[in-house]
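K.L.:
Below are the chains, spelled out letter by letter.
Protein chains: 2
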Amino acid sequence: MPASQQHDHNHCISTAMDTARTLCEQRGLRMTPVRRRVLELVWQNHKPTGAYDLLAQLSEEGFNSAPPTVYRALDFLLELGVVHRISSLNAFVGCDHPGHEHDTGFFICKECGNATELPAKEIKKLHETLVKKFSFSIETSNHELTGLCQNCKATA
Amino acid sequence: MPASQQHDHNHCISTAMDTARTLCEQRGLRMTPVRRRVLELVWQNHKPTGAYDLLAQLSEEGFNSAPPTVYRALDFLLELGVVHRISSLNAFVGCDHPGHEHDTGFFICKECGNATELPAKEIKKLHETLVKKFSFSIETSNHELTGLCQNCKATA
DNA sequence: CGTAAAATTGCAACATTATAACCTAAGGAC
DNA sequence: GTCCTTAGGTTATAATGTTGCAATTTTACG
Ligand SMILES: [Zn+2]
Ligand SMILES: [Zn+2]
Ligand SMILES: [Zn+2]
Ligand SMILES: [Zn+2]
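Here the protein sequences line up with chains R and Z, keeping their order. FYI, the numbering for the first sequence is 153 to 308, going by my numbering. FYI, the numbering for the second sequence is 153 to 308, going by my numbering.
Hints are supplied without guarantee of correctness; some may be wrong.
Which copy is meant is left open, so a pair is good if it fits within one copy or across any two.
Said to hold, decoys possible - Cut-off 30 Å, straight-line C-alpha distance, at most; resulting in silico cross-link-like pairs (DSBU-like, lysine-lysine):
(1) K276 with K305
(2) K284 with K305
(3) K284 with K262
(4) K305 with K262
(5) K277 with K199
(6) K273 with K262
(7) K305 with K199
(8) K273 with K284
(9) K284 with K199
(10) K262 with K277
Bear in mind the hints are in silico, worked out from the structure with no lab data behind them.
Please work from the sequences and hints to get the whole structure.
P.N.:
What follows is the structure, given as structure tokens:
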């Protein structure tokens, strides 16, 4: 059983949507239909999804199907902190714990494609160690690990 | 003075070329003119460089100027372990310590664009911590930090 | 209300990055 | 030399992402 089916998707999605709505209200931003639907789709897929895949899904539902539509929605959601971009995959994925500012860090299974967010604590610890050694000021960071998840390792 | 000028470029380049040649000999691979020149260019720029920038430079020198030329050379050099790809920039940069298998990790200055390779030791430590917490098997990892380098912080 | 400013969306074109497919040329083994 | 493998040339195309501007919707405010 893939990790993506070990839990209640609908719960994931509704929680994510609630949090996003709350964040918008707090910041005076608008959760418009396209933005809402893109976030839902990102969560429904529940694994990193390309912008053009999302665009195709939107298109099937009667939304506008030009690239700027989905990229603008994604930019908004990234800014809001409810999705992450995985640059080695050119793909987007929902954030597990939105509302707490943190960097992008994922473990991506080569077999099933699921992406698991890394604990912010470990990323912070790495930052601290690096800052001590070098005199950089770290503003953002992005960590992408690949390998086999527990399930796929067991099945292999 | 930018970090890229605090040292002797020519030394960087010749060392990198020597190592690459040695690695090729050890593995029975061919360091052809295009491959050699691409590696030299990557080192000459001494900061992350896009494939199409490299292609333009090659073209000026009479090399073939079609995309596959540079992508094939870059694939070879990546495989050989003498360059890294920085996926958040879609760019390539020379490896500081080739010949020792290691993951991609860079600090990239937002101001001057220089990319400094992170110590493999710290990356390994992060891996170990994560593996203890989760039961992933990590095969590759990629770490891209941004911020200001020491020089640019001072100048700002 | 009514209107003006701001934010969002629609739309068309374009830019950038990367790959596929197929063929030719060069290098090495025998 | 002949054969086989590797590398490079060439053309076309795929995949990803952006710019610019007009039209619309939402909000702010008198
Ligand atoms: Zn997150
Ligand atoms: Zn898996
Ligand atoms: Zn390296
Ligand atoms: Zn700098």
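K.L.:
Can you give the numbers of the hints that this structure goes against, from lowest to highest?
P.N.:
none
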